[in-house]
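Peer 1: Dock chain B against chain A, hints included.
2 protein chains.
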Amino acid sequence: MMSFTLQWSAAFPSALFCRCSSRCSSKSFQRHCNRTLSEKVRVSDALSSKETGSNVRIQGWVRSVRPQKDNLFLHVNDGSSLQSLQVVASSHLNTRDLTFGCAVDITGTLEKSPSKRQNVELRARHIEVVGECNPVDFPFKIKERHSLEYVRQFPHLRCRTNAFSSLLRIRSEATTAIQSFFRDNGYVQIHTPVITSNDCEGAGELFQVEPAGHNDSDDPNPHFFSVPAYLTVSGQLHLEVMAGAFSAVYTFGPTFRAENSQSRRHLAEFYMVEAEIAFTESLDDLMKVMEGLFKAATEHVLSSCAEDVELFHKYIAPGHRDQVDLMLKRKFYVISYTEAIDILKSSSQNFTISTEWGCDLQTEHEKFLVKHCGNVPVFVINYPYELKPFYARDNQDQPNHTAAAVDLLVPGVGELCGGSLREERLELLSQRLAQAGLEDTYAWYLQLREFGSVPHGGFGMGFERYLQCILGLHNIKDVIPFARFSHSCLL
Amino acid sequence: MMSFTLQWSAAFPSALFCRCSSRCSSKSFQRHCNRTLSEKVRVSDALSSKETGSNVRIQGWVRSVRPQKDNLFLHVNDGSSLQSLQVVASSHLNTRDLTFGCAVDITGTLEKSPSKRQNVELRARHIEVVGECNPVDFPFKIKERHSLEYVRQFPHLRCRTNAFSSLLRIRSEATTAIQSFFRDNGYVQIHTPVITSNDCEGAGELFQVEPAGHNDSDDPNPHFFSVPAYLTVSGQLHLEVMAGAFSAVYTFGPTFRAENSQSRRHLAEFYMVEAEIAFTESLDDLMKVMEGLFKAATEHVLSSCAEDVELFHKYIAPGHRDQVDLMLKRKFYVISYTEAIDILKSSSQNFTISTEWGCDLQTEHEKFLVKHCGNVPVFVINYPYELKPFYARDNQDQPNHTAAAVDLLVPGVGELCGGSLREERLELLSQRLAQAGLEDTYAWYLQLREFGSVPHGGFGMGFERYLQCILGLHNIKDVIPFARFSHSCLL
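Chains A and B are the protein sequences, given in the same order. Quick note: the first sequence uses full-length UniProt numbering, first residue 1, plus one each step. Quick note: the second sequence uses full-length UniProt numbering, first residue 1, plus one each step.
Mixed in with the good hints, there may be bad ones.
Within a straight-line C-alpha distance of at most 27 angstroms, the following computed BS3-like cross-link-like pairs (lysine-lysine) qualify [stated by the list, open to error]: (1) A:Lys331 x A:Lys345; (2) A:Lys331 x A:Lys295; (3) A:Lys295 x A:Lys371; (4) A:Lys331 x B:Lys345; (5) B:Lys40 x A:Lys288; (6) B:Lys288 x B:Lys371; (7) B:Lys331 x B:Lys371; (8) A:Lys40 x B:Lys295; (9) B:Lys40 x A:Lys295; (10) A:Lys40 x B:Lys288; (11) B:Lys314 x B:Lys345; (12) B:Lys116 x B:Lys69; (13) B:Lys388 x B:Lys367; (14) B:Lys367 x B:Lys331; (15) A:Lys345 x A:Lys295; (16) A:Lys40 x B:Lys331; (17) A:Lys141 x A:Lys331; (18) A:Lys314 x A:Lys345.
I should point out that these hints are in silico values taken from the structure, not numbers from a laboratory. Just so you know, these numbers come straight off a predicted model, no measurement behind them.
If we strip away everything but chain A, and leave its shape as in the complex, we get (with noise of 0.2 angstroms):
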């Protein structure tokens, strides 16, 4: 692993040193003595200081104000953990634009606290309002608990709130924790594009991209790209091709559907982890990997997030943890298709849609699947053969002709992941594209298994459902900065 040794107070230069000219007055002369003494801190780094005595300087925003007599107590809080800093300042520092919301900029000594609730609280020198914010106006009140539906509705100013800077601090933290599992495990990132000339499912519902005040019927050729252009569904089809050179790829990144739904479950724009690995015979290898990346996140997750998964797990889904840590502590269950069915026709609850062997399992089947396995994850093998797409490798049994397609099924949000071993067999995937019309748009796919073809398989995880399945939320526009559904794309 690498490390880099750049402080913060590198990447932030101008911190010890005060730019203000000779000619200052004495108000900002004392402003420049206080800054030129005092390091600026980040929050977080101030609560975990061992060191009290040192003069530093706190920059961020008004969490809570309250005056008394003598002295003037303040929260601070600047995005780099969810606890603010206290601040205890001298009355006289008081000012009428000292408001909740407000960005502060703070000089004074790091002291011990007298009060259990922190180990250090900043005794200010002095204390300068950055930039006001009207309270009345500002859309979030002091010591509200604001719903998530409520906040959901300022996407510009909702990363001011305990419960979102918590999600985005901890959703960057997932990213890393994914992309560290890779690269420990010797994958090779790959940007898979995001503009496509493939609709890699055949199914999806597709975004097209032209130029904007592009017109159709004016134009000879009517596309920029010469050929018809999608958002990408799934960068499936591009890692096998990188599969083939490297052993094992991954991609992180968005993904698209044009689906017409306002619900708790669909975004039009969402993230997708997806690894390809060649070399693999069984869908075995693949769950391992499944469960090895679920499992090696989250863990991540919860040491190096602890405070901010904790608010989730106290506040927002009470008791979600237990179910976090069962997870984490039972081996994944396996069944096939086959046993899915078994069990979901046997069982006494009346589902909306009945299930026959041959049918997709619905997000009420699935649910069912994980409840009735112990809420423990639960991987769904071998599905039949003509719900799958074309490139999923064919089991060759009978007489449930199925594939080798994989799903994990999570408590609380249904299919997480799904997966498959590919075709890699030349003669049974020109035969399926031909039966589909599709050999000529997927010739270049073909040659892949032409040249060195080998057994692979990979998989996909939402990234979105992941957050939801170890946090306990039950709406994905709550997990993502900026949500994109169907009649909604503010700013």
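Peer 2: For chain B alone, coordinates are given in the frame of chain A:
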């Protein structure tokens, strides 16, 4: 820094045990025994192995075949490194289908190599050709060096050439390096949206998105998102939202321009690294982050991909290593736009477009300025106010009215980064947006200045240009896995 302890064999768990049934034939029984006793290892691990005598299993693609009287020599590559592993086998293991490009699965013993060209070689006991490769049809030929132009025609196969596989390993490591730089310095990674209703630059040539098969004229509400939606040209405005909560944020992802160009400098889809930093009052601060990022990422790539980088510096851009070392060793220059214009006007060079104060710098000017400064990267600061977008901070100077904007120019490439302080003063920003008739469109952006506004700034770096700059590659299509440009969207 985190470290996952999963081994390669854990991510590829079937490596140690073959799944042959008990009914297997004597040939497959031999294969069974071989595999059961052999640990699957990657070529890079085998090459750096210090223990000889161990039984290993290697899977990859044949890069050379050299049959001699008693022995057969192969080179096998699995994408884990530029170097291939030399395999030595008895001649009787040679088969017709053992050709350049075929996929093989080989078990044998790692031995110290008698040759000076490698430390170890694999003495093969068993060679299986997993996937054949007809050398007549395969577009790459054994021992031939194909030009970058030639291999570009085969986007689904070019990753199997040395140069492009090296490029993609470097690209993957550079991605890691950039993300680690920001993470180690306390930045939160934000997934800014690809689909947006903003046009950040107010100038870019935009791609518009609608569901495929959608037809404007039929529909009372013609837009999927209710408003026109575009592919992002920059995540800056979204990052500014986030900088108001986390102090320091970055994004790294695809951005888009519908430029009708097939030049070696343009792509319709390319990657950008963008950072935004709150409580930043001077361009110096931004420049230190930009220079720090460039140097830290480059040093990481040079050390972790030494072999791959050397391929470019030795065979494709001879002498470029000295250029890179110079950029790392020297402090980057800083000149003002006004100084830049003076330099250009007093030069004896004939430019295609002549310069006057107030004009934008062209690539020819940028390259001249870099040469003028001894081929060291140059920051050009304080551009004419009128040249810059609405968000650039007004320097309120005269007579030459400038904005606090900065471009980083680098050898060979020209503009690598662009950034600015952002106008955080509500009144000035309101005025400028009103002049452009954009107050309503950017009402949310103005609100960021109403509620706890802070001085802030940020920059973007073109990732492909960065790779071109450190590797000395002239064509941007050679540094991205799948190039998209006007009239081309292969795969």
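Peer 1: Hint by hint, say whether it matches the structure.
Peer 2: Status of each hint after checking the structure:
| no. | hint | in the structure |
| --- | --- | --- |
| 1 | A:Lys331 x A:Lys345 | holds, 25 angstroms |
| 2 | A:Lys331 x A:Lys295 | holds, 10 angstroms |
| 3 | A:Lys295 x A:Lys371 | holds, 20 angstroms |
| 4 | A:Lys331 x B:Lys345 | violated, 72 angstroms |
| 5 | B:Lys40 x A:Lys288 | holds, 16 angstroms |
| 6 | B:Lys288 x B:Lys371 | holds, 22 angstroms |
| 7 | B:Lys331 x B:Lys371 | holds, 15 angstroms |
| 8 | A:Lys40 x B:Lys295 | holds, 24 angstroms |
| 9 | B:Lys40 x A:Lys295 | holds, 24 angstroms |
| 10 | A:Lys40 x B:Lys288 | holds, 16 angstroms |
| 11 | B:Lys314 x B:Lys345 | violated, 37 angstroms |
| 12 | B:Lys116 x B:Lys69 | holds, 22 angstroms |
| 13 | B:Lys388 x B:Lys367 | holds, 21 angstroms |
| 14 | B:Lys367 x B:Lys331 | holds, 18 angstroms |
| 15 | A:Lys345 x A:Lys295 | violated, 31 angstroms |
| 16 | A:Lys40 x B:Lys331 | holds, 24 angstroms |
| 17 | A:Lys141 x A:Lys331 | violated, 45 angstroms |
| 18 | A:Lys314 x A:Lys345 | violated, 37 angstroms |
Going through the hint list in order, the structure does not satisfy hints 4, 11, 15, 17 and 18.
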